[in-house]
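*Asks:* The chain contents come next:
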Amino acid sequence: MVIRGGKRLTEIVRKHQSGILQDWIKEQFAAVKAADRISEADRRADCERFLSLFMTALQASGDEDITAAPWAETRDMLADLSRSRAMAGYKPSETAVFVLALKRPLFDRLRGEIGGDAETLANEVWHTTVVLDGLALLTTEIFQKSREEVILRQQQDMLELSTPVVQLWEGILALPLIGTLDSNRTQVVMENLLQRIVDTGASIAIIDITGVATVDTLVAQHLMKTVAAARLMGADCIISGIRPQIAQTIVHLGVELNTVVTKATLADAFTVALQRTGASIGRPAKA
Amino acid sequence: MERIPILKMNEFLLVSIQVDMHDRLAMTLQDDLTERIVRDRARGVLIDISSLEIVDSFIGRMIGNIAAMSRVLDAETVVVGMRPAVAITLVELGLSLPGVRTSLNVDKGMELLRASLAGGNGNGHPDAGR
Chain H
1 MVIRGGKRLT
11 EIVRKHQSGI
21 LQDWIKEQFA
31 AVKAADRISE
41 ADRRADCERF
51 LSLFMTALQA
61 SGDEDITAAP
71 WAETRDMLAD
81 LSRSRAMAGY
91 KPSETAVFVL
101 ALKRPLFDRL
111 RGEIGGDAET
121 LANEVWHTTV
131 VLDGLALLTT
141 EIFQKSREEV
151 ILRQQQDMLE
161 LSTPVVQLWE
171 GILALPLIGT
181 LDSNRTQVVM
191 ENLLQRIVDT
201 GASIAIIDIT
211 GVATVDTLVA
221 QHLMKTVAAA
231 RLMGADCIIS
241 GIRPQIAQTI
251 VHLGVELNTV
261 VTKATLADAF
271 TVALQRTGAS
281 IGRPAKA
Chain F
1 MERIPILKMN
11 EFLLVSIQVD
21 MHDRLAMTLQ
31 DDLTERIVRD
41 RARGVLIDIS
51 SLEIVDSFIG
61 RMIGNIAAMS
71 RVLDAETVVV
81 GMRPAVAITL
91 VELGLSLPGV
101 RTSLNVDKGM
111 ELLRASLAGG
121 NGNGHPDAGR
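One line per chain: the protein sequences are H and F, in this order.
Our numbering applies: residue 1 is where the first sequence begins, and numbers increase by one.
Our numbering applies: residue 1 is where the second sequence begins, and numbers increase by one.
Hints may contain errors.
[To be verified] Partial pick of chain F residues on the chain H-facing surface, computed with a CB cut under 8 Å: (1) LEU97; (2) LEU104; (3) VAL106.
[Claimed, not checked] Only some residues are given here: those of chain H computed to face chain F with a beta carbon under 8 Å: (4) THR120; (5) ALA122; (6) VAL188; (7) GLU191; (8) ILE197; (9) VAL198; (10) LYS225; (11) ALA235.
These aren't lab readings, by the way, just hints derived from the structure by calculation.
Even for Gly, the Cβ is constructed at its ideal location relative to N, Cα and C.
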């Protein structure tokens, strides 16, 4: 059964608009005391805008289905609101309260107007609840979505930031790894390195793991994969920057690094690489 | 029938794979190449796969097999010009082709072959003696 209330609600909202607004803002402040991150004037403007959109939508549809076309503007407004609050660091509940706080003022007015007729009152209250709950859920949903977007963007930024491939010499590349190596990062690292090998025609790549906090079997496996892929392209890899602690861990874990050349420091690895490419470097002999 | 051409360059054979490898083609190449190594008494084989965009486990294994067969026939095999995507795929498939020598391009592959023939021990590096 679809309860076609709404007509009364629309009327009542229009009649008591300023009173509802006043009470609503008071409710919101009571519910979210700590959150004075938005000035009262801004909040008031938000409320006024929402209420007028809410009224227009109620009038146009009179229906409970907030996904319908007449609610589009209200939905957009709420979407903007919860997105900006998500960015400002609000909690999801604080965002939802924006809509939910409207309940009490509306119910009070409904009771005042309809009073004696229990059945109509119940219908109207139910109708109002459905609409407001729908809108509140919408804010939570959008809040969460915008948070997720932020996290996703940061993850991507981190991936991009943390995998530079630098050319040390003609034919010698260095890949300083920093942070933890998971499968996603290994993939990006590998792709970057291989692409640079093609671009520069390098024959030696030094993978420096000074900045890698821990090396476990999984990280070692990822490293070996990268080395194997580089070898398939015709470039040799040297792993450098192995700290004493990590050397111990590697042996205790029984990780096989026998197939790669390993050096303690990037400088050592660079010297080996220079030798292999037939170049040499040193101070000119003093006369 | 479709065949992959095998070119003779002095003591080396050059195979350039420029079409998508399918299984039958790979088998034919294996036959042809072993035949030619014996007939031309080749000392080295260069397999250029720079145009190869798609590999599967079969083709990966085939490349490994061809290299192993050539070695039995006393010819060094160098696989040159593997694309990054192909390299990643092979590694993910667990085919890191141990025993197959690799090089970035035909030039470097040729150098590597010459160096290893001159050195005789097969441990020459692509850039050794530059």
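*Asks:* Taking the hints in turn, state whether each one holds.
*Replies:* Right, here's what the structure says about each hint:
1. LEU97: 6 Å, holds
2. LEU104: LEU104 (chain F) check passes; min Cβ-Cβ to chain H is 4 Å, inside 8 Å.
3. VAL106: 11 Å, violated
4. THR120: Violated. Min distance 67 Å.
5. ALA122: 63 Å, violated
6. VAL188: Because about 11 Å separates VAL188 (chain H) from the closest Cβ in chain F, which is outside the 8 Å limit, the hint is violated.
7. GLU191: 6 Å, holds
8. ILE197: Holds. Min distance 7 Å.
9. VAL198: Since chain F brings a Cβ to about 6 Å from VAL198 (chain H), closer than 8 Å, the hint holds.
10. LYS225: 5 Å, holds
11. ALA235: 7 Å, holds
The structure fails hints 3, 4, 5 and 6 (numbered hints given earlier, in ascending order).
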